[in-house]
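Chemist: Here are the chains, one letter per residue:
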Amino acid sequence: MRRWTVLGLAMCIALAGFLGVGHAQAPRVIRIGVVVSATGPAAALGIPVRNAFLLYEELFRDAIPGYRIQYIILDDATNPTLAVQNARKLIAEDRVVLIAGSTVSVSALAMVDVTGEAGVPQMAMGATQNIVHPVDEKRRWVFLLPQTAASAIQAVTLDMRLRGIRTVGYIGFNDVWGEEWWTSLSRAAPNLGIRVVANERYARADTSVTGQVLRLLAARPEAVLIGASGTPAVLPQRTLRERGYRGIIYHTHAIGDPDVLRVGGKDLEGALLPVGPVVVADQLPDNHPSKRPALEHKRIYESRYGPGSVSQFGAHVHDFWLIVRPALERALRRVSSDNLPAFRAALRDEIEATRNLPGAHGVFTYSPIDHLGHRFEYSNVFVQVQGGKLKLLRTFLPRQ
Amino acid sequence: MDATILGLLIADGITSGVIYGLLAITIVLVFTVTRVLFVPMGELLMYAPLTYALLVDHKLPGSVWLGAAFLAAWGVLDLLRGARRAPLLLFGGAGALLGAGIWAASTGSPILAWAMAVGVVVLMGVATYRVFFEPIPHASVLAYLILSLGLHFVLQGLGLVFFGPEQYRLPPLLPGEVQLGSVPLPKQNFAVYALALAWVLALYGFFSRSLYGKALLACAINRRGARLTGISTREAGRVAFTLASLISALGGMLLAPLTNAAYFMGFIPSLKGFVAAVLGGLVSYPLAAVGALLVGTLEAFSAFYASAYKEALVFAFLLPILFVQSLRTLEIGGGEE
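First to last, the protein sequences are chains A and B.
Numbering-wise, this note's numbering puts 165 at position 165 of the first sequence, and it's gapless, one number per residue.
For any residue, its number in this note's numbering is found by taking its place in the second sequence, counting from 1, and adding 1000.
Looking at chain B on its own, in the form it has when it is part of the complex (with noise of 0.2 Å):
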């Protein structure tokens, strides 16, 4: 093995790394403030760019009209609940939604269809969360566990009825290659590189300093005690859900040009990220970008020296971190109320 092999080696392992930092990162913020294991997150990174490609080809996708229909399941609860404005505004929002979809679609204009790819990602997650996880605040974290687990079936086999079988790919933002010494890597990698930091640390700071992302916390860490001293949970977990698709939304967009868009694709990346997300103890955003980027090289170089073997390698060599780890991890979300 020579230098160049080497550093194209971990450049792969790097830009890896990043997408299942990118999708540990949304894990660990969704679990620590709702204790919500949200399996379907590789499935929203992959439903941005693939709407985004039916759309630019003047096709409405079913993403679409599922993003409609999930504002209007909202709408129909908070009636059951006897609100006024809010189900008005919902059933509005659903309209409008596919109205703009249609618009969308008929125009064909890339930036347009760029915001409603993340505009519908971003509106599918918040709604999944207040129609599946909002009304069963007590449940246990194996029952959310299971609940996503359904979802991500469900997402994934809608994926295959809205985007077909086979793989699209998006035109990059940043066309052209940097030679960084003797590795080529293309711009766009950069531009994911830079998303993916950025995050982590407004996520870390967000949550280490500022009184609303300790709010946050609080409702993972005691429900109740939270909603004694005035936060409300219900917001905590929309605010969550509405942050994590966002980067899912935005990172599917990035990542498309590099490594191609299908429906069964996401959720061999979540599951990394989660492993990632493990790394880090399930609370720490440096250390799941760190896991992240360890599994990331771990794949990388594993596919060099023994490709057909590659998964199994990755998963042996972290078993013993995840066991080490599972002795010495927090107890969050465990402990009921």
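Here chain A stands alone, though its shape is the one from the complex (with noise of 0.2 Å):
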């Protein structure tokens, strides 16, 4: 009795493999490997970024006609060595096309010396400049998907000649993201008349920031920039306001999303900040380039994780993918995708010559010269925090 059963089981199976076989051709399978920092200390940017790509793949896999999409996507725990243990492995195990990420910016610099020999062209999520540029013989390979945080300081600047702002103080963490805000802080405002009067770092999981704030406020700046991102950068902001400080709070674009929204509560109102358009997609006016794109995002992203979940983060997946899908194309009618390494280098001179192409985060147009991409204009919107929202204040469209 039981063989009978055991040996029916088995023949149910073979004859299901063969019709699976036999009913289609299988699709090619195009492989594209990506690294987030879903877990550690940059989580926070990390998961809305896999959970986009997640649904990306599940909604867009079959996109290219007779190609099965396929994502490896591994987590490097906000560590830079494993991003790049991932980057090798993704590309001599998993044999990708393409890697996008890492979402941190040292361990996207960290995987270019990967990409860069080994001839994938790498979609970087970090927000800092010197991953892409200069563009040499390893960055040829990377492009980059973020705004970063010196056109984002430029947002900031203007905003403060605007007000007519003479002095401001700094507070940010005392790692890659507060430096990179302070180089750029610093370099950016002698320019405009702007006196930079303190310079104050500490950590993601301080209790505690009153030292800094009272060195602060004996600075008496006119406006406070807050260089931190996720809801650590609430704690600086109560503290000011708890110590009676009146003046103008800037942040960087990294706070942009609810769950700051949330802890910050009453604390954050007035805030003053910077954020790439598809943050505020509803509010942008009908002439951004930016606003179908966006308001597209939204749609899908928050058709799957509720509404309100839309973030910074995971809109770069859908310029990514914008990019990366009309390239792919490109690349698939010139060379074979069994050619892996010609096939790579196809892709990388496609990716290379997109031009004029309006994404949820500004308009991309990479050069042999540029792998930024973004215009300050399109990439940049400045808003305020009012009444737990994000009201979009103006944006810097040129005039027409």
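In short, the hints are calculated from the structure, not lab data.
Treat the hints with care, since some could be wrong.
[Stated by the list, open to error] Derived lysine-lysine pairs resembling PhoX-like cross-links, with alpha carbons at most 25 Å apart: (1) A:Lys89 - A:Lys138; (2) A:Lys389 - B:Lys1059; (3) A:Lys389 - A:Lys291; (4) B:Lys1187 - A:Lys266; (5) A:Lys266 - A:Lys391; (6) A:Lys291 - A:Lys391; (7) B:Lys1059 - A:Lys266; (8) A:Lys266 - A:Lys389.
Using the hints, build the complex out of the two chains.
Modeler: Written as structure tokens, this is what we have:
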């Protein structure tokens, strides 16, 4: 009795296998590697990116006829060493045509050596300029998706000048992010006649910033810039308000997500920050080139992860898909995907050939000397926290 | 620097110091009784407010499942040892914990969530001892340390899964501020100070005056000797872990309104609590508390003068003290049996 059951089961499985193979021509698989920091200190940035990739794979895996696009998503735990290992594994074992990631600057930068050496295009999601600039033998293979801190700081300093602010104090993370904002601020401010009067640092996990804030207050700045990201950015703002600071407080674009607004509550009220256009997709003027792609991403992402879940970070995946899909199609017309090195090189050329492509975070135009792709006017808008929501204050669109 | 800034810095130092102090006394407590340097204490401290935050938001946090799983694992271990009644009680307890969690999440009542958060953390603490440390009673201090470091990584990783990457803020129990001279202090601070002071005095009295406390201490100094005189070392360990996780849970609940809570915020305070505990020779509660205040104050002042080098300065100041301590520290738990 038992033996018959087993035999029957085996026959069923075999039959199903035959039918499966014989039924249709199996699509050829195109593998794309993804490295994100989904755990560790920068998990807040990596998790929405991972979620978006999972969703986009599900929705668009068959978007190119005859091919099946498969994402292999690896976590680097906010650790550059692990990011490099992941990149090597994706290139050598999984034979991917392209790598997206990582979501943190240091990790993305560490991966450049590997992808550049192996000749695999990389779409980096860290926000520092030195990942792709200057374009050299290795960086030829790397393209940036997010706007850089330097471009966001330009938005901040422009706003400062419009408000007639002359002195500014700085408090930021004691890591790459805080340093990048400090460097950008101290470089940009003097040209606009703004004096930077204080430079303080704190750690993500700190439970108090009273010492730093007292020092800031002693310098009496008209405005304070907080170079932090995620919910830990709330602490300095709250302490400043508790100590009676009445001036203007600026933040980076790394706090424009719902969690920060929830934790910040009324402490964050009135804060000013630059964000990518996607964050305020509904409020964008109709002539903003990012309005349509931004709304589209918002619709796709929120249909799966709930209303209000869309953020700065997940939208990079939308731009990734907008850039990579046509590049893949063009490359496939030129080279067979079986010839991996040639196909990777063709894909790189086609990504570099992207011109005037409106995405959720601005308009992308890469060139052999520019792998940043963004133009300041399209990639940044300025918002204020009002009633626990982000309210669009101004765009930087060129006058027509 | 004027008097107001000085006052604010000192107040800030004391508040941070009290956090480290609470962790330091739990570390001393657990170490003196079981010779375990329990690094994940900081995670337990964070689990309590995070559990509360999710429960009042009508969500069932993963920590409740984890607590139930630990209890069930405890039951299985007892079953393997041939016990009859205890496993049934433990399995029942695991079920009851889950049920209580679902109930608390569905009502979203703050009082229920408070009790639930503290309860889950205490059960988790004592079950950690039963499941991971009790089965290896004769291991070296180093083996225990490695095990507890491993647990730290596991609990921190699970914390991310359970509570997400962002911070939560709890409403204060005592809203409002008190003006001390020119220094405004949140009333909540005093609740934390009172709790810490009460625990330090209670533990000091318990271990130096009461017979039960001395029995617990005996387990650390000489396990075999303690057992020969009729002290159960297993029970002693469980009592120590229960007390320590209760201190952590209550501390976490009182601190979260002042500092926010997140899964990744437990380790550094835990480390500083450990340093403070070493300043107290890993045996003395009052000295550990004083050490913690010293660490906190040093931190506040170095944050004011050179914030970029804060941690480096704090640990650099402490190195010479730790060096001297290491020369004259008691050989507790060093010699095996």
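Chemist: Against the structure, test the hints numbered earlier, and report the numbers of the ones violated in rising order.
Modeler: Structure breaks no hint.
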